[in-house]
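Participant: Sequence:
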Amino acid sequence: MSDAYVVGNPDGLSPLLVELRDAIARELHAQLALRAERIELADLPEVSYQVTIQVERTLRLATGARLTPGVDVSRARRTSAGR
Numbered sequence: 071m072s073d074a075y076v077v078g079n080p081d082g083l084s085p086l087l088v089e090l091r092d093a094i095a096r097e098l099h100a101q102l103a104l105r106a107e108r109i110e111l112a113d114l115p116e117v118s119y120q121v122t123i124q125v126e127r128t129l130r131l132a133t134g135a136r137l138t139p140g141v142d143v144s145r146a147r148r149t150s151a152g153r
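Note that the sequence shown covers residues 71 to 153 in the numbering used here.
Read the hints as simulated data drawn from the structure, not as lab findings.
It is possible that some hints are incorrect.
The following label-pair restraints were derived from C-beta to C-beta distances [what the hints assert, rightly or not]:
hint : residue 1 : residue 2 : range
1    : L111      : L131      : 16 to 24 Å
2    : L86       : A106      : 28 to 36 Å
3    : A135      : D113      : 16 to 24 Å
4    : E89       : S118      : 33 to 41 Å
5    : A132      : L102      : 19 to 27 Å
6    : G134      : E110      : 16 to 24 Å
7    : L83       : G134      : 28 to 36 Å
8    : I94       : G134      : 18 to 26 Å
9    : D92       : L114      : 18 to 26 Å
10   : E89       : Y119      : 30 to 38 Å
11   : E107      : P85       : 16 to 24 Å
This structure is a prediction, so every number in the text was calculated from the model and none was measured.
No residue lacks a Cβ here, since even glycine has one placed at the ideal position from N, Cα and C.
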């Protein structure tokens, strides 16, 4: 049992996992909006890349460190709407 569950989080997720879940959900929502509510098999590499960028950004903000040398996440956003 995780500490998050003990302190009352009904999902049983730590705050970091909640942030990651939310970042992934936001990115998938943005990708679906860009792609007319349908992600084609050929689009999976790009969608996966964008989700990875959001996970890296969330982890970087949570830990205060740059995790991937040479990747500027502020410039890596190429396709997501409104960011």
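Participant: For each hint, tell me whether it holds in the structure or not.
Facilitator: Hints, verified against the model:
1. L111 <-> L131: 16 to 24 Å: Hint violated: Cβ distance 31 Å, outside 16 to 24 Å.
2. L86 <-> A106: 28 to 36 Å: 33 Å, holds
3. A135 <-> D113: 16 to 24 Å: 31 Å, violated
4. E89 <-> S118: 33 to 41 Å: Violated - the Cβ-Cβ distance for E89 and S118, about 19 Å, lies outside 33 to 41 Å.
5. A132 <-> L102: 19 to 27 Å: The hinted range 19 to 27 Å holds for A132 and L102, with Cβ atoms some 25 Å apart.
6. G134 <-> E110: 16 to 24 Å: Since G134 and E110 have Cβ atoms about 37 Å apart, the given range 16 to 24 Å is violated.
7. L83 <-> G134: 28 to 36 Å: 21 Å, violated
8. I94 <-> G134: 18 to 26 Å: Given about 21 Å between the Cβ atoms, the range holds.
9. D92 <-> L114: 18 to 26 Å: The hint (18 to 26 Å, Cβ to Cβ) holds, given that D92 and L114 are roughly 21 Å apart.
10. E89 <-> Y119: 30 to 38 Å: The hint (30 to 38 Å, Cβ to Cβ) is violated, given that E89 and Y119 are roughly 20 Å apart.
11. E107 <-> P85: 16 to 24 Å: 31 Å, violated
Going down the numbered hints, you'll see the structure goes against 1, 3, 4, 6, 7, 10 and 11, while the others check out.
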